[in-house]
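K.L.:
Listed below, chain by chain, are the residues.
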Amino acid sequence: NAGVMQNPRHLVRRRGQEARLRCSPMKGHSHVYWYRQLPEEGLKFMVYLQKENIIDESGMPKERFSAEFPKEGPSILRIQQVVRGDSAAYFCASSPKNEQFFGPGTRLTVL
Amino acid sequence: QKEVEQDPGPLSVPEGAIVSLNCTYSNSAFQYFMWYRQYSRKGPELLMYTYSSGNKEDGRFTAQVDKSSKYISLFIRDSQPSDSATYLCAMSIRDDKIIFGKGTRLHILP
Numbered sequence: 387n388a389g390v391m392q393n394p395r396h397l398v399r400r401r402g403q404e405a406r407l408r409c410s411p412m413k414g415h416s417h418v419y420w421y422r423q424l425p426e427e428g429l430k431f432m433v434y435l436q437k438e439n440i441i442d443e444s445g446m447p448k449e450r451f452s453a454e455f456p457k458e459g460p461s462i463l464r465i466q467q468v469v470r471g472d473s474a475a476y477f478c479a480s481s482p483k484n485e486q487f488f489g490p491g492t493r494l495t496v497l
Numbered sequence: 194q195k196e197v198e199q200d201p202g203p204l205s206v207p208e209g210a211i212v213s214l215n216c217t218y219s220n221s222a223f224q225y226f227m228w229y230r231q232y233s234r235k236g237p238e239l240l241m242y243t244y245s246s247g248n249k250e251d252g253r254f255t256a257q258v259d260k261s262s263k264y265i266s267l268f269i270r271d272s273q274p275s276d277s278a279t280y281l282c283a284m285s286i287r288d289d290k291i292i293f294g295k296g297t298r299l300h301i302l303p
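Residue numbers (the working numbering), protein chains in the order written: chain X, 387 to 497; chain E, 194 to 303.
No lab work stands behind these hints, which were simulated from the structure alone.
Just so you know, not all the hints are guaranteed correct.
Said to hold, decoys possible - Derived contacts from chain X toward chain E, CB cut-off under 8 Å, selection only:
1. Leu429
2. Asn484
3. Pro490
Unchecked claim - Result set (SDA-like, lysine to any residue): computed pairs, CA atoms no more than 20 Å apart in a straight line:
4. E/Lys290 / X/Gln436
5. X/Lys430 / E/Thr279
6. E/Lys235 / X/Ala388
7. X/Lys430 / E/Ser233
8. E/Lys235 / X/Gly389
9. X/Lys430 / E/Arg287
10. E/Lys195 / X/Leu424
11. X/Lys430 / E/Leu240
12. E/Lys290 / X/Asn484
13. E/Lys235 / X/Asp472
14. E/Lys290 / X/Asn439
15. E/Lys295 / X/Glu427
16. E/Lys235 / X/Phe487
17. E/Lys295 / X/Gly471
18. E/Lys235 / X/Ser410
19. E/Lys235 / X/Glu427
20. X/Lys430 / E/Ala222
21. E/Lys295 / X/Phe487
22. E/Lys235 / X/Pro425
Quick caveat, the model's predicted, so the values are computed rather than measured.
Heads up, the beta-carbon is just placed ideally off N, CA and C, and yes, glycines get one too.
Build the full structure now, drawing on both the sequences and the hints.
P.N.:
Written out as structure tokens, the structure is:
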């Protein structure tokens with residue numbers, strides 16, 4: 387039973403480029419969450435999605451960030467025009483209803 | 194005042210000792226309480242999940258929640274070097290977004 391899968395595991399972008407992070411939830415899980423972990427900081431909630439719906443995006447920056455969880459395929463976290471401050475580890479979690487199980491994360495480095 | 198406070202450590206204890214980790218929080222609306230373990234450059238791994246006050250035991254791990262004091266604890270018995278990791282307390286109001294502590298780095302000395 388595969389866990390939460392994230393790819394790529396490492397992503398390097400130059401300032402101004404776009405970053406796309408993908409998350410495939412565990413089988414049978416219909417809830418997906420994205421969190422960001424900055425160096426020496428705790429995990430911070432970004433967005434909560436169910437299939438084709440954004441349930442809570444209160445943690446998303448107002449500009450440049452977007453997320454989707456389409457009917458088919460993985461959830462995508464998209465960061466447009468990346469800046470150095472976007473460098474962080476981005477974690478996806480999935481849940482059947484209660485407990486959240488985390489993926490291995492994508493480490494984004496912005497040069 | 195931060196929503197969740199957790200001593201970052203590091204905490205070093207000898208192998209076999211009992212480890213006590215804890216967090217305090219300010220929002221009395223929190224109902225769900227969790228502990229995650231995170232190894233370096235890995236994703237968080239769920240250790241314990243509890244609802245409301247009380248104790249929960251799973252193998253060498255015991256989680257305690259005291260809502261009246263807004264205080265949660267994780268105890269690790271018979272600690273092993275493989276327990277060396279960062280431990281994150283976490284909580285939520287409903288079964289949705291989780292608020293995390295910053296984590297306590299734990300070192301078990303062989």
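K.L.:
Is it true that the CA of X/Lys430 sits at most 20 Å from the CA of E/Ala222?
P.N.:
19 Å, holds
K.L.:
Quickly compare the C-alpha distance for E/Lys235 and X/Phe487 to 20 Å and report which way the hint goes.
P.N.:
Roughly 13 Å separates the two Cα atoms, so the pair holds.
K.L.:
Mind checking the CB of X/Leu429 against every CB in chain E and telling me if the closest is under 8 Å?
P.N.:
Holds. Min distance 4 Å.
K.L.:
Hey, E/Lys290 versus X/Gln436, does the alpha-carbon distance stay inside 20 Å?
P.N.:
13 Å, holds
K.L.:
With a cut-off of 20 Å on the C-alpha distance, tell me whether E/Lys195 and X/Leu424 pass.
P.N.:
Holds: E/Lys195 and X/Leu424 sit about 17 Å apart, inside 20 Å.
K.L.:
Taken at face value, is the distance from the CA of X/Gly389 to the CA of E/Lys235 at most 20 Å?
P.N.:
Holds, at about 13 Å.
K.L.:
Just to be careful, I want the Cα atoms of E/Lys290 and X/Asn484 compared with a cutoff of 20 Å; is the pair within it?
P.N.:
Given pair E/Lys290, X/Asn484 holds - Cα atoms ~11 Å apart, limit 20 Å.
K.L.:
Would the pair X/Lys430 and E/Ser233 pass a check requiring their Cα atoms to be no farther apart than 20 Å?
P.N.:
18 Å, holds
K.L.:
Decide if the proposed pair is consistent with the structure: E/Lys290 and X/Asn439, CA atoms, cutoff 20 Å inclusive.
P.N.:
15 Å, holds
K.L.:
Do the alpha carbons of X/Lys430 and E/Arg287 lie within 20 Å of each other, as the hint requires?
P.N.:
16 Å, holds
K.L.:
Can you confirm whether the C-alpha distance between E/Lys235 and X/Asp472 stays at or below 20 Å?
P.N.:
Holds, because 19 Å separates the two Cα atoms, which is no more than 20 Å.
K.L.:
Is the straight-line distance between the alpha-carbon of E/Lys295 and that of X/Glu427 20 Å or less?
P.N.:
6 Å, holds
Of the hints listed earlier, there is not a single one the structure fails to meet.
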